[in-house]
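S.K.: Chain residues, written in single-letter form:
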Amino acid sequence: MTERLLHVDSVTVRFGGLVALDNVSVDIARGTIHAVIGPNGAGKSTLLNVVTGLYRASEGDVTFEEESLSGRAPHLITRQGIARTFQNTELFGEMTALDNVVVALDSRYACNGISAALHDGRWRASEAEARGEARELLALVGLSEDQDSAAAALPFGKQRRLEIARALATQPKLLLLDEPAAGLRAAEIEALNRVLLDLRTNHGLTILVIDHVMALVMAISDRISVLNFGRKIAEGVPEEVRASPEVIEAYLGKKAAHAFSA
Amino acid sequence: MAGRALIVAIAVAAFFIAPHALAEFHLFQICLVAGTALVVLGLIVVTGFAGQISLAQAAFVALGGYGSAILAARWGIPLWAGVPIVSIGAFVVGFVLGQMTLRVSGHYLALVTLAVTAIVQIALIYSDNVTGGAAGMPVPAFEIFGLTLSTGGQLYYVIVPATAMLFLAVHHLNHSHYGRALAAIRQSETAAELMGLNVLRYKAAAFGASGFLGAFGGGLLAPLSTYLDPAQFGITQSVYFLAVAVVGGMMSPLGALVGSIVFVLLPDFLQAFQTYLGLVFALLLLGFIVLRPEGLAGLRLPKGIVAALPRLGGERR
Ligand SMILES: Nc1ncnc2c1ncn2[C@@H]1O[C@H](COP(=O)(O)OP(=O)(O)O)[C@@H](O)[C@H]1O
Ligand SMILES: [Mg+2]
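Note that the protein sequences, when read in sequence, are chains P and L.
Residue 1 is where the first sequence starts when you use our numbering, and the numbers rise one by one after that.
Residue 263 is where the second sequence starts when you use our numbering, and the numbers rise one by one after that.
None of these hints come from the bench; they were simulated from the model.
Keep in mind that this is a model prediction, so the values were computed, not measured.
Using N, Cα and C, we set each Cβ at its ideal position, and we do this for glycine too.
Misleading hints may appear alongside valid ones.
Unchecked claim - For the chain L half of the interface with chain P, some residues (derived, Cβ under 7 Å), not all of them:
{"id": "1", "residue": "A431"}
{"id": "2", "residue": "H433"}
{"id": "3", "residue": "R442"}
{"id": "4", "residue": "Q449"}
{"id": "5", "residue": "E451"}
{"id": "6", "residue": "A453"}
{"id": "7", "residue": "L456"}
{"id": "8", "residue": "L459"}
{"id": "9", "residue": "N460"}
{"id": "10", "residue": "Q494"}
{"id": "11", "residue": "T498"}
The whole structure should be built from the sequences, with the hints applied where relevant.
M.R.: Shown next, in the form of structure tokens:
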């Protein structure tokens, strides 16, 4: 078996009486695209929020490269090598597309405070370097033309790709994408899928992608986990998951499940 | 680049011509505007850029004024060295205070910073062997290169360049990764965190910067007023600085300058209303919060002017 990069170990998340995640375990193998699917409210975003440190697990643990992440601040988890996008994009709306990416590069390129206060040669060099890399990342997701547009002014599909570029700027080993295909047109989904496959194959990235519609991730996922009402109800390669009666039932209801098995 | 060089040349020329063209009283007022603007600049960094309301500015101003005066009176450290030293101290105080308090925000933060101002004022009153207590203390003269600067016309040569340089530094920092990080935090704190930014540290640094600039402004204003007493550094004064920032405009360093000009010059125009000055300031503050939250500096945007002109014209007709 390939080496596991992320290990979600029996995680439970409760919000008062509501159990958003119920004893969920998932392993993500390095160098793969792993999809987590499930109907709305299944707990998919909650899973990403626990991994990135925005939520605390009520029980269980998350380990990344065999190191526990529990109790660690979100910005430290990012520096560990996990980056994400958001279901309802969280861009810095008033900033240009380029600056959105540069923000994420600053922790690597920024010069010292004195140089920044003087705008001296060292500052100019660090800005130029960061901007250069930001342009490369924008090119990677096909946004070269849009670098000077305010992020909020971009069409939704481009905002999604800008979030991916910004996440990549933190140099992640693991990229978490929360419903990147939602609201996109078929052609845009094609483009997105190409970007994700390219990232995995040519840049060695591991990707955990969330979706609530199965068809979209079937084409690119190496492995799929299915959540329903906070529980993991199935897991396997796309063909296995597609054939699973529990999954069909979760998506289409009991009657359909009977119809399929009949 | 050529345009920038021209502006710098004009500014430098104006700086050297002004003392010959203006009366002593006006030079004093220019110094007062500059010192106040520096203090308010600190407030703009922490409240405007970092989005953290602070009512501690009067405390930092007191720290700068008293701190440098005491260093000079007790240890013979000249003000030109004492003011930067105390300001760096105020940065550290602000940074540490920020680390401790900035987890909270909104009303609670306003209260905490208000308490800081109150505590510092009380400390000044009760440490009377060092500060002169409620009666206050005189400020030693500003001595540099063997010269003694005491009038507005003399201090002008220190206060105006120091203020200009610090404004430039803040402008530069705001257009570097620091300003970018604060803008990112303002627009989405969650996303900023997940881009690897240590949000608390940036906010604390902004609080530290407000301390530095407040203390620097306070240190420069002290020799101008020649006398310090605790009554100058109360909660009312913190609110006054906030009012200057709101009227001037919270989102740009220019707002500090515009607001300070208005608040320093207004009392001259309103001499008949001296007794009601507090009321006028309060009404200004209220009016701006409700009607023009972006402050006067927001006016300078050509877009805003272009948009406002036809509207004003239309209303007149
Ligand atoms: N911060 C929160 N506070 C309370 N309930 C929450 C919170 N976040 C998520 N939930 C609840 O947890 C459940 C799972 O939500 P979520 O993870 O967003 O589902 P999904 O992303 O699969 O649509 C939902 O019932 C949702 O209302
Ligand atoms: Mg979701």
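S.K.: Would you mind marking each hint as holding or not holding in the structure?
M.R.: Now for the hints, and whether the structure bears them out:
1. A431: Holds: closest Cβ of chain P sits about 4 Å from A431 (chain L), inside 7 Å.
2. H433: Violated, because the Cβ-Cβ distance from H433 (chain L) to chain P comes to roughly 9 Å (cut-off 7 Å).
3. R442: 5 Å, holds
4. Q449: It holds, given that the least Cβ distance between Q449 (chain L) and chain P is near 4 Å, below 7 Å.
5. E451: Where the cut-off is 7 Å and the nearest Cβ of chain P is about 10 Å from E451 (chain L), the hint is violated.
6. A453: 4 Å, holds
7. L456: 6 Å, holds
8. L459: 6 Å, holds
9. N460: For N460 (chain L), the interface hint holds, since the closest Cβ of chain P sits about 5 Å away, which is under 7 Å.
10. Q494: At 30 Å from the nearest chain P Cβ, Q494 (chain L) fails the 7 Å test, so the hint is violated.
11. T498: Nearest chain P Cβ about 32 Å off; hint violated.
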